[in-house]
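Peer 1: Now for the letters of each chain:
Protein chains: 2
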Amino acid sequence: MISDEIANIDTPAVLLDLDVASRNITRFQSYANQIGMAVRPHIKTHKLPQIAALQLAAGAIGITCQKTSEAEAMVAADPRLTDVLITYNIVGTKKLAHLQDLARKVRLTVVADSSAVVAGLSAAFATQPAPLRVLVECNTGADRCGVATPEAAATLARQIADAPGLQFEGLMTYPPVNGATQVQAFMTKAKALIEANGLAVKVVSSGGTPSMMQAGQAPVASEYRPGTYVYNDRSLVARGVCDWRDCALTVLATVVSVPSANRAIIDAGSKALTSDLLGLSGYGHVLGRPDIVIDQLSEEHGRLISPQPVALAVGDKLRIVPNHACVVTNMFDAVHVLKDGKCAGLWPIVARGKLR
Amino acid sequence: MISDEIANIDTPAVLLDLDVASRNITRFQSYANQIGMAVRPHIKTHKLPQIAALQLAAGAIGITCQKTSEAEAMVAADPRLTDVLITYNIVGTKKLAHLQDLARKVRLTVVADSSAVVAGLSAAFATQPAPLRVLVECNTGADRCGVATPEAAATLARQIADAPGLQFEGLMTYPPVNGATQVQAFMTKAKALIEANGLAVKVVSSGGTPSMMQAGQAPVASEYRPGTYVYNDRSLVARGVCDWRDCALTVLATVVSVPSANRAIIDAGSKALTSDLLGLSGYGHVLGRPDIVIDQLSEEHGRLISPQPVALAVGDKLRIVPNHACVVTNMFDAVHVLKDGKCAGLWPIVARGKLR
Numbered sequence: 008m009i010s011d012e013i014a015n016i017d018t019p020a021v022l023l024d025l026d027v028a029s030r031n032i033t034r035f036q037s038y039a040n041q042i043g044m045a046v047r048p049h050i051k052t053h054k055l056p057q058i059a060a061l062q063l064a065a066g067a068i069g070i071t072c073q074k075t076s077e078a079e080a081m082v083a084a085d086p087r088l089t090d091v092l093i094t095y096n097i098v099g100t101k102k103l104a105h106l107q108d109l110a111r112k113v114r115l116t117v118v119a120d121s122s123a124v125v126a127g128l129s130a131a132f133a134t135q136p137a138p139l140r141v142l143v144e145c146n147t148g149a150d151r152c153g154v155a156t157p158e159a160a161a162t163l164a165r166q167i168a169d170a171p172g173l174q175f176e177g178l179m180t181y182p183p184v185n186g187a188t189q190v191q192a193f194m195t196k197a198k199a200l201i202e203a204n205g206l207a208v209k210v211v212s213s214g215g216t217p218s219m220m221q222a223g224q225a226p227v228a229s230e231y232r233p234g235t236y237v238y239n240d241r242s243l244v245a246r247g248v249c250d251w252r253d254c255a256l257t258v259l260a261t262v263v264s265v266p267s268a269n270r271a272i273i274d275a276g277s278k279a280l281t282s283d284l285l286g287l288s289g290y291g292h293v294l295g296r297p298d299i300v301i302d303q304l305s306e307e308h309g310r311l312i313s314p315q316p317v318a319l320a321v322g323d324k325l326r327i328v329p330n331h332a333c334v335v336t337n338m339f340d341a342v343h344v345l346k347d348g349k350c351a352g353l354w355p356i357v358a359r360g361k362l363r
Numbered sequence: 008m009i010s011d012e013i014a015n016i017d018t019p020a021v022l023l024d025l026d027v028a029s030r031n032i033t034r035f036q037s038y039a040n041q042i043g044m045a046v047r048p049h050i051k052t053h054k055l056p057q058i059a060a061l062q063l064a065a066g067a068i069g070i071t072c073q074k075t076s077e078a079e080a081m082v083a084a085d086p087r088l089t090d091v092l093i094t095y096n097i098v099g100t101k102k103l104a105h106l107q108d109l110a111r112k113v114r115l116t117v118v119a120d121s122s123a124v125v126a127g128l129s130a131a132f133a134t135q136p137a138p139l140r141v142l143v144e145c146n147t148g149a150d151r152c153g154v155a156t157p158e159a160a161a162t163l164a165r166q167i168a169d170a171p172g173l174q175f176e177g178l179m180t181y182p183p184v185n186g187a188t189q190v191q192a193f194m195t196k197a198k199a200l201i202e203a204n205g206l207a208v209k210v211v212s213s214g215g216t217p218s219m220m221q222a223g224q225a226p227v228a229s230e231y232r233p234g235t236y237v238y239n240d241r242s243l244v245a246r247g248v249c250d251w252r253d254c255a256l257t258v259l260a261t262v263v264s265v266p267s268a269n270r271a272i273i274d275a276g277s278k279a280l281t282s283d284l285l286g287l288s289g290y291g292h293v294l295g296r297p298d299i300v301i302d303q304l305s306e307e308h309g310r311l312i313s314p315q316p317v318a319l320a321v322g323d324k325l326r327i328v329p330n331h332a333c334v335v336t337n338m339f340d341a342v343h344v345l346k347d348g349k350c351a352g353l354w355p356i357v358a359r360g361k362l363r
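Here the protein sequences line up with chains R and U, keeping their order.
For the working numbering, count along the first sequence from 1 and bump the result up by 7.
For the working numbering, count along the second sequence from 1 and bump the result up by 7.
Don't read these hints as lab results, they were simulated from the structure.
Incorrect hints may appear among the rest.
As the list claims (entries may be wrong) - Label-pair ranges, simulated between beta-carbon atoms:
#	chain 1	residue 1	chain 2	residue 2	range
1	R	Leu353	U	Ile42	31 to 39 angstroms
2	U	Ala245	R	Ala268	43 to 51 angstroms
3	U	Arg34	R	Gln224	54 to 62 angstroms
4	R	Ala14	U	Lys112	25 to 33 angstroms
5	R	Ala203	U	Ala245	49 to 57 angstroms
6	R	Ser267	U	Gln135	26 to 34 angstroms
7	U	Lys349	R	Ala155	39 to 47 angstroms
8	R	Asp169	U	Lys349	39 to 47 angstroms
9	R	Arg34	U	Glu12	48 to 56 angstroms
10	U	Asp11	R	Ala126	17 to 25 angstroms
Stated by the list, open to error - Under the rule of at most 20 angstroms between Cα atoms (straight-line distance), these lysine to aspartate or glutamate pairs were calculated in the EDC-like manner:
#	chain 1	residue 1	chain 2	residue 2
11	R	Lys101	U	Glu12
12	R	Lys349	R	Glu12
13	R	Lys346	R	Asp17
14	U	Lys101	R	Asp11
15	R	Lys349	R	Asp11
16	R	Lys324	R	Asp11
17	U	Lys101	R	Glu12
18	R	Lys196	R	Asp253
19	R	Lys346	R	Glu12
20	U	Lys324	U	Asp298
21	R	Lys324	R	Glu306
22	U	Lys101	R	Asp17
23	U	Lys349	U	Glu12
24	R	Lys346	R	Asp26
25	U	Lys101	R	Asp340
26	R	Lys346	R	Glu202
27	U	Lys346	U	Asp17
28	R	Lys101	U	Asp169
29	R	Lys324	R	Asp108
30	R	Lys101	U	Asp11
31	U	Lys324	U	Asp11
32	R	Lys349	R	Asp26
33	R	Lys101	U	Asp340
34	R	Lys101	U	Asp250
35	U	Lys324	U	Asp17
36	U	Lys101	R	Asp323
37	U	Lys324	U	Glu306
38	U	Lys209	U	Asp169
Yeah, the Cβ is synthetic: ideal placement off N, Cα and C, and Gly gets one too.
Here chain R stands alone, though its shape is the one from the complex:
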């Protein structure tokens, strides 16, 4: 199952099957083309300019980042990344200075969900040569950030339009899973209110991989921001969104101990797989071994248990589909790229660990 070449990679390592990732990119882009929706992939999943370039080549209109520092790393690595949406409230003078700098390099859009955030953005951009595009972030049920009502969205849109240095561009939401109905209702109403107020709503941005194939059920959206779709992971297999063969990212681990007949220990713990459960039990899926549960992680150890003999030996290599691909990407400095099942390079994960 694991070639000698792959088995020779020092572990724990993260492997990226480029053929699978390319197929995943094409599949969603084709669907989006069919329903006439633009794609603006979220790079948090891969943090790699090489994958962003593939997404753009397939038809994406730009990229989404969550942090200014992530966007900076991506743009510095590939000057073809010229259109960036940062789906985050940027707060604080230091971050705003970075945002000013980034706005000189790319076509930049950010979001805001309060007048406090708008005031900060305006203060930073009033003196800049070009206005900053701002979307109003809306809470369509995920209960994270976002204004609570279409009326509040319209009020904030007006504040943005009136704020020196800013340009109101449209609406954005990170919807709940299966939230197309809520998105359609909230955004249709907010758009109508804002337009009645004399402002154009050029962009309505929605996202989320779990429900991406229902994006057509919220046609009010003009663009979609899938992230995890490029790699997939165990959480998406569990939701029935994809199959194991659609999972492009795996963690390669070595068995370091087989202390009892039904237990083995691997060298991938929470520093490699992370503790993200996403509602699942267990910390990953061992490819080819559905009997095994990774029931416990410490930083450097993963514990594998099986109701049948675990039948592993010290030195055996395993490939694991993590619960959540995005967070695993953040744990590694570089990813081993596979093409046609062969090692095709080691790519530094340039936007890893960008917290600011």
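On the provided structure of chain R, position chain U as indicated by the hints.
Peer 2: Frame of chain R; chain U shown alone:
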């Protein structure tokens, strides 16, 4: 509560109160001195040569690392770190080559819990100028790695003693919480069996911060490897091991959204705090705000809810004690050091992200 100087640090950031850490180091060293047990702190918690130096200055006999790459980073940063125990089964030719290199630089000890691991170590060290010290890892109830019985420990001790390039040095365990009785029983029996077999057991190494103040209840141990004790965290407060004022590591975060009266969002998510729960509910403790629960993390957002008005504003700074300090250390490239409540430097976390 948060000085202007600290509030000026860009977020999310990790802060290390050096006064608290120094006090924590001294407290356990004093206890260990009283009971006549050596201290060999696990550096996984801080990954900082500067803190290891403080631990040695207080009386520690050496350091513990979990990975060869961690040990390499620490030793390269401070030549005073001359005595290293790696409490991990080292498997694979690449890792063994690094181990050979490290063994030339420091007094090195590793562990093994199977003849497969012993065979690999022996093959790598048979040709080296000096033998490698090896402890037998024993399972005293944590059910991670380790031989299952004192008899198996004695058998493996003999294999190590007979293996070219290796020197049997003693026993090691990572015990379950409150496991002093099990440690004492297992190790006493294993030691007697091994000594009856004509081998000296020079080291019996135990560890774990939660039960460290009961180390004296397992006097068979010659050394103790506490890790988290230097920083403490929410999990240790929850166990009654320490108080909030003993927590040396905090995450500084900024409020970026207050979307409803009882909810606020900070810019520290799972990339900063990690998803480690350690049996707790919620992802950290907001200092000074016991009413707040951090009930949900995504990568870049932490959600704070309170039964009372959350009474926070965009831009407010908060200090959070994480559930688990060690894993947070691994997420940041550098730590802001505080002395007497003032910023005293930015230390690169040199052993961060060392997976190999």
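Peer 1: What are the numbers of the hints the structure violates, in ascending order?
Peer 2: 1, 2, 18, 26, 28, 29 and 34
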